[in-house]
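*Asks:* Read off the chains here:
There are 6 protein chains.
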Amino acid sequence: MEPLIDRREVRFFSGQSNKPLAVGIANYLGVPLDETIFQRFTNDNLRIQLCASVRGRKVYLVQSLTPPVSDHLLELLMMLDIARSAAADEIHAVIPYFSYARSDKKDAPRISITARLIADLLATAGATHVMTMQLHSPQVHGFFSVPTDPLTARGLFVEYLRERVDPESTVVVAPDAGIAKSAARFASLIHCPVAVASKKRISDTRVAVGEALEKQVAGFESAIVYDDEIATGGSMHEICQVLVKCGVKRIRLVCTHGLFLGQARERLGGIPEIEEIVMTDTVHVPDERRLPNMTILSVAEIFGEAIRRNYHHQSIGSLFTFWDNGG
Amino acid sequence: MEPLIDRREVRFFSGQSNKPLAVGIANYLGVPLDETIFQRFTNDNLRIQLCASVRGRKVYLVQSLTPPVSDHLLELLMMLDIARSAAADEIHAVIPYFSYARSDKKDAPRISITARLIADLLATAGATHVMTMQLHSPQVHGFFSVPTDPLTARGLFVEYLRERVDPESTVVVAPDAGIAKSAARFASLIHCPVAVASKKRISDTRVAVGEALEKQVAGFESAIVYDDEIATGGSMHEICQVLVKCGVKRIRLVCTHGLFLGQARERLGGIPEIEEIVMTDTVHVPDERRLPNMTILSVAEIFGEAIRRNYHHQSIGSLFTFWDNGG
Amino acid sequence: MEPLIDRREVRFFSGQSNKPLAVGIANYLGVPLDETIFQRFTNDNLRIQLCASVRGRKVYLVQSLTPPVSDHLLELLMMLDIARSAAADEIHAVIPYFSYARSDKKDAPRISITARLIADLLATAGATHVMTMQLHSPQVHGFFSVPTDPLTARGLFVEYLRERVDPESTVVVAPDAGIAKSAARFASLIHCPVAVASKKRISDTRVAVGEALEKQVAGFESAIVYDDEIATGGSMHEICQVLVKCGVKRIRLVCTHGLFLGQARERLGGIPEIEEIVMTDTVHVPDERRLPNMTILSVAEIFGEAIRRNYHHQSIGSLFTFWDNGG
Amino acid sequence: MEPLIDRREVRFFSGQSNKPLAVGIANYLGVPLDETIFQRFTNDNLRIQLCASVRGRKVYLVQSLTPPVSDHLLELLMMLDIARSAAADEIHAVIPYFSYARSDKKDAPRISITARLIADLLATAGATHVMTMQLHSPQVHGFFSVPTDPLTARGLFVEYLRERVDPESTVVVAPDAGIAKSAARFASLIHCPVAVASKKRISDTRVAVGEALEKQVAGFESAIVYDDEIATGGSMHEICQVLVKCGVKRIRLVCTHGLFLGQARERLGGIPEIEEIVMTDTVHVPDERRLPNMTILSVAEIFGEAIRRNYHHQSIGSLFTFWDNGG
Amino acid sequence: MEPLIDRREVRFFSGQSNKPLAVGIANYLGVPLDETIFQRFTNDNLRIQLCASVRGRKVYLVQSLTPPVSDHLLELLMMLDIARSAAADEIHAVIPYFSYARSDKKDAPRISITARLIADLLATAGATHVMTMQLHSPQVHGFFSVPTDPLTARGLFVEYLRERVDPESTVVVAPDAGIAKSAARFASLIHCPVAVASKKRISDTRVAVGEALEKQVAGFESAIVYDDEIATGGSMHEICQVLVKCGVKRIRLVCTHGLFLGQARERLGGIPEIEEIVMTDTVHVPDERRLPNMTILSVAEIFGEAIRRNYHHQSIGSLFTFWDNGG
Amino acid sequence: MEPLIDRREVRFFSGQSNKPLAVGIANYLGVPLDETIFQRFTNDNLRIQLCASVRGRKVYLVQSLTPPVSDHLLELLMMLDIARSAAADEIHAVIPYFSYARSDKKDAPRISITARLIADLLATAGATHVMTMQLHSPQVHGFFSVPTDPLTARGLFVEYLRERVDPESTVVVAPDAGIAKSAARFASLIHCPVAVASKKRISDTRVAVGEALEKQVAGFESAIVYDDEIATGGSMHEICQVLVKCGVKRIRLVCTHGLFLGQARERLGGIPEIEEIVMTDTVHVPDERRLPNMTILSVAEIFGEAIRRNYHHQSIGSLFTFWDNGG
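Chains A, B, C, D, E and F, in that order, give the protein sequences.
Counting in the working numbering, the first sequence runs from 1 upward without gaps.
Counting in the working numbering, the second sequence runs from 1 upward without gaps.
Counting in the working numbering, the third sequence runs from 1 upward without gaps.
Counting in the working numbering, the fourth sequence runs from 1 upward without gaps.
Counting in the working numbering, the fifth sequence runs from 1 upward without gaps.
Counting in the working numbering, the sixth sequence runs from 1 upward without gaps.
Chain A with its partners taken away, still in its complex shape (with noise of 0.2 Å):
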């Protein structure tokens, strides 16, 4: 098969979070995945390695910021140093999973905004262009000084639920307000109905909050509780118990980022109402952390085919989260 982008002109590099979601997007576009070797001195410094020219190349860097996180951080920032420095041409920073996204404002006095500063971080190591996915909120977009594009993965899972849902029977559940609009959209597409619960933290309003939830799934025999994204399942399992007692009777999860730490298998695992986690690959998680009850949907084409379209100086379209609708 052809390669979709003239391979002679790119390198393709993994950092050490999601070596397969690399190789799936290098697969998908018909190039291979160029060698890094990584190291560690005795000083628990890290040594690096791109193991074929960019000079004058288009660099594709990919490294999702999973745990742990300052490390794959600084990978990621190293490899950005050795591309600029090694005088490639355009220098790309794949970020399928952006951790700090959720640290976007100050709750409280002299914290960092820490998205921020990781995109200006970025800038400085040499990424000229970012690719990411599925933003905690619209606005970290504007963090980053360098053209950067938020993909999605609502189409993926529209695409896969769309047959398996019934509209009649089944209410989407925004897990807090800051998904509402995502899931809303989410919803109207699949046809159904959207419900929105309000934040655990608050701790004086909490009580009214699950009577809101309750009254809005009432009646309801299916749920779809859509986040973007599952840590240690604290939140999603609170959510299942309030969705359970109103007599929900199947509950989908669907999240983009599927982080599956700590307690989150125990937790999930153990609520029998949950008959589907849908979540994509932006992070990897390894087999002894999976449920059998897990689908992993790949983002590999969708970051592949934002790079294919970028490469030729196509409009990335509808891969992109535009935000006010729903994205």
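I should point out that these hints are in silico values taken from the structure, not numbers from a laboratory.
Bear in mind that the values here come from a model prediction, so they are computed numbers and not experimental data.
It is possible that some hints are incorrect.
Repeated chains share a single entry, so a pair holds when one copy, or any two copies, can fit it.
[Said to hold, decoys possible] Here are the simulated lysine to any residue pairs, SDA-like style, with alpha carbons at most 25 Å apart:
{"#": "1", "residue 1": "K215", "residue 2": "G178"}
{"#": "2", "residue 1": "K215", "residue 2": "S169"}
{"#": "3", "residue 1": "K215", "residue 2": "K245"}
{"#": "4", "residue 1": "K19", "residue 2": "L46"}
{"#": "5", "residue 1": "K19", "residue 2": "P272"}
{"#": "6", "residue 1": "K19", "residue 2": "A108"}
{"#": "7", "residue 1": "K215", "residue 2": "V146"}
{"#": "8", "residue 1": "K19", "residue 2": "P109"}
The hints should help you fit chains B, C, D, E and F onto chain A, whose structure is shown.
*Replies:* The following block gives chains B, C, D, E and F in isolation, referenced to the frame of chain A:
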């Protein structure tokens, strides 16, 4: 009365957008407002002169981005540039109303995240510190590369309304999800429950939303609609109509930035249930655009106190907006 | 006709200041003018959308800084920002009339050298190259940190006037010392002598100046007053009165930027000796502000040809303004 | 005598171009000139050491760009770099003669607007403020991105000449149009008329120019030729010849920057009508290049006073050059 | 005791790498160590809060880049960002052990000169000044764009060892050419001769090298091996074996940065001739990794004194590392 | 012969320091050397004009920093500025001899790490890529913020000497520790042993050093002294005297940068045991400073080939200097 800051060390100038507020801040601090000359050349170029030496001084420039926004923005950029090139030591852009905070994300292809652009332009022109109030979303804070203090007028509203509101019969209404947290925090401070309306733009879900709001406000005699900004009053008008329909008898509108442009005066003046419109003076509303039931609380003291604390290297503390808990 | 540049590689947008000229440039090049949507939010914020993908392309943005200057400047800055953040490859700001070139020095304390400020703002917003015409002084070129081509319309004027002027009876008049060199160069190209008036603002020497001009133009039947810009026509009016008093019978006004604001139409329309006003279309003058004796030469071909040569990496050569010899 | 500035807070160093002036400025301020060691390695590299700690201090570096210009420029850049990297608080580049101000525009393709380049290099090396004198054109001010004070020696000349000049019989001559406004302002301060010569380089109009000047100076017994700089004295020589031919008996040359390079001494020493050459010490002229009729007025007090005012955050006011009115 | 610096003007925070040293420095200065809260979100993102207002203050952040290096680096970058965005006046990054100084050159294609990258990241995050100790090579100083003070612990070692060493029977051994000058300077201060071993990595010359060292140390009873860093102790172990073989009876190891990672404790604990390991506390070694013959000299006073002098604008003088003479 | 790069896409200019080498590089590539005009204004300002359009092209500027270093540096900065402001696409500064690489650390207080300063000035002036040769220390590479290729001439020397040297009787001598690794690598390639002299400047250890060298070279008939640079030949002279004293009969000097300034010719010409001086043409030595036993190997092909590979996006590979293994 002794000035709160050393007048030999500061200069205090106002753009043309809101001179009364600038005077109020200067008065609070006990320093004079320094003269600025505004002219327009025959070709429509602006010419601005600051009429007091800024060399080595801490310079405060007060300008709200009210209509004509572009002129007021350019005035501010020129004033910053003058202070910078005339060797000011610190240059504080005090922007009580930062209109472009609303342009904080890409909700369509090839538009500008103008809030980030303006933040960058302010830095280029010479701002070393920004003070503003009630940004449309908390993430906009992260657009600024210079230290920025987003202040809040919530304390003013709480103080004013605490004695005037009956918590038993009153519900606080957030006009859309974006303001929900902030409204909830406000509501808890005046011991009222909160209701959240969904945004009207999602046309296919609007009816449901209306219903959702109706359920939440049913039974309340009195409502406080809490928002950050009233421009032409369109969405306020719509919310009020729903409230009236649900049996609410007395409505208060509370907003930080009261622009009252276009039809706002007519629209909101035509609803007799609106007994009071409480807003601040971040935007200067001339007499002819005012309504008799407007109460305008001045933020002069808030900005003045923040400037005083900043000048004396004290924490701005409670004046500052922290977001997660409803700021 | 085959386009002069590859239309797949370029995008061509116009701001709202001078769309006819943008169309003319695009026509010369054989490419379409891409659509741009201009809107204003209720709070007077601008909203702009470029309606064709710019990814990886060479983008040309045409905008003259005509009144309302601040709006047109902000439009341009936003268009630059859109192109930059949407990953354009090259971003060319084509500014036929750069009004702020006149604010090029400090003639009073604490004013802004606004031409430098604007040059910096354009770079911050994303311009990678600037094209402009007939800057007020040659040094303004040095304010730009990105490559900048100041073009000249002198060739147009020479070509148009060469056949229409009698070198024996005609003198070229420079209205002040700043334009003297440029006028001398123009005069030599049409084989006429040159006279220089002194600036009227130096009040204590004004009479002498008038006298000096009178001596220089005595005996000529015909005069060409050559300037870079006519705004409200004040100084042109004054010069013409002196010329008429000295016995000049026929006057031509030649200027690059014909703004014709305020009283210009009345002032200059009221002097019967002005037989022709020759100017270019860097500024769009609507019909109602035109005079019957205006001849408008289009610079579309000059900008188009400069763009073509730049696109094909050819020297812009004779289109460019070199100063010392009268450019 | 008490120093005018706190000597514990400042450091004062001189490059090798004009140490006497640096001493003069330091004396005015009552502070010592700190030692600097200049060496050259065997490969011609410069080595410079500042011999007093600059940490946290306000550092003044005095250097004129006199021949050898490149060495003196590099000296200055290295001294700036030393101050910056050794943690100075403020770094003031005091450049009494900024030779490259003359390279302020493109009068041919592919040359450098070197004045802008040098301004950028100074900022890169660490200058936080620039002080200079009598820039060749007012726009050069706008080339600097750091606060810059272009001072003027006009006051010195006026004070010195007021008593020595007979306004009835004396004309001030500006050698070309570029200096005309400045000369006019000077002339008005000593109550003399002004005449303007045209630049000799426009060869096809040179005769006319000579004639024009002849008419303007006819009848005056005495002339003051006023320019910013005398290098090899070529154009001064030519002007003087015209003046003598027109019957002028006594000539004074007045210029800020007296370089007196090449044939200057012989050329101007050979015209007996030149009774005095009045200039400043921005450029250090060693005894062997001096003429007996030279009067050198020191600018030490002007720079010293400007430094004092800047130090104490006072307006530099009348020391500053404002242009439009003849600065 | 009165503090050495004004505690109202400074803030003093420590990262998690070496809190005992930070406490020591703060104690020397007589100021409290301000509280910092370190948390980790469920997705492994760091969250850091500085618990004292930094507005307008001089902020000192102490962090050694010890394992886990990436986490400690990111902590430091976030703390810098917090101080910067919260309007600190000065931000001093105090990095006693800058591990990445070792990555100072390209010894293979497409690797990162990570020391330069980190220097740039520190500046991006907000550092205005860096203090560090015993950089691996003197040139690393030039990687920093902000003022940087590389301090030395040599004085500590000299003071401690002067009384304990017999210059007649002792040789100082430099483990490779890179440390040779520094070791020679140290040796001369304690009046001992110096021997230089060649680096073991050049395998084809290793035997000769061993021989060379053997010749140089032959006849000495006692040796001091002097290096900048001991990580896993590999090369130290090898050198010691050669020394023992050559008849050296008593060995002292002297190093600035004692990491003692991996097998270091076992390797060096297993050589009975090593009578003492003298090192500093730039790296915190927990009790379980220590050996009984370790002597740890604290650098708290050196950093404290350098901070005090910097604060009072005094020269850091003898604390600083000057290289050519053996620093 | 077909050129190795497309001559329509490149421009190739030379400064005044080493035009023969520039011609050689251009010849290797099969492209013409484009004309450059160098002038000096009467006030010693430089004026430079590039005589071929650079718009959109890859521009190569060749300049060695040989005496007069400051002039040659400023020439290069101006040429970069011209290329940048005339819209070149890529700007390659080819600096065969970068003299200031020797100023790479602070060996005294308040001196400049001038190599870093120059690196920053080159970037400010417009360099997008730097090519240079045999930097004095490998870390200098890290001073550059743009991609930089430090090339090596070692291959030339090996090829030339392999047939001419008897490995049995010859020792390679490194004049000081800094060059030791590089010399060792070179020695191994021609199968000779290596000896290292210690630097003469440490006066109190000089005698011992001499002894150390004597031991290492005892018994060899022939020696090759290998260094990066010969300026006035002082240390080479000293080393040679030691060698002769030890019985070495034939000496070859090998160095990359042969400046031969001051007494170099006399010093080294006066030692009859020096049978050959092998150096490159990174520095142009005019005939009158040459010695009859000089062999000058041209690096034109190395630079030409590196440019060719860079142009075609190939790895520079073996031309590049990798340091740890003796580069």
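*Asks:* Taking the hints in turn, state whether each one holds.
*Replies:* Evaluated hints:
1. K215 <-> G178: both (20 Å within a copy, 22 Å between copies)
2. K215 <-> S169: Both. Shortest intra-copy (15 Å) and inter-copy (22 Å) distances satisfy the 25 Å Cα cut-off.
3. K215 <-> K245: both (12 Å within a copy, 21 Å between copies)
4. K19 <-> L46: The answer is both: 18 Å in one copy and 24 Å across copies each meet 25 Å.
5. K19 <-> P272: neither (32 Å within a copy, 47 Å between copies)
6. K19 <-> A108: between (36 Å within a copy, 24 Å between copies)
7. K215 <-> V146: Intra 45 Å, inter 45 Å, cutoff 25 Å: neither.
8. K19 <-> P109: For K19 and P109, the Cα distance is within 25 Å only across copies (23 Å; inside one copy 38 Å).
Hint compliance for this structure: hints 5 and 7 are broken, all remaining hints hold.
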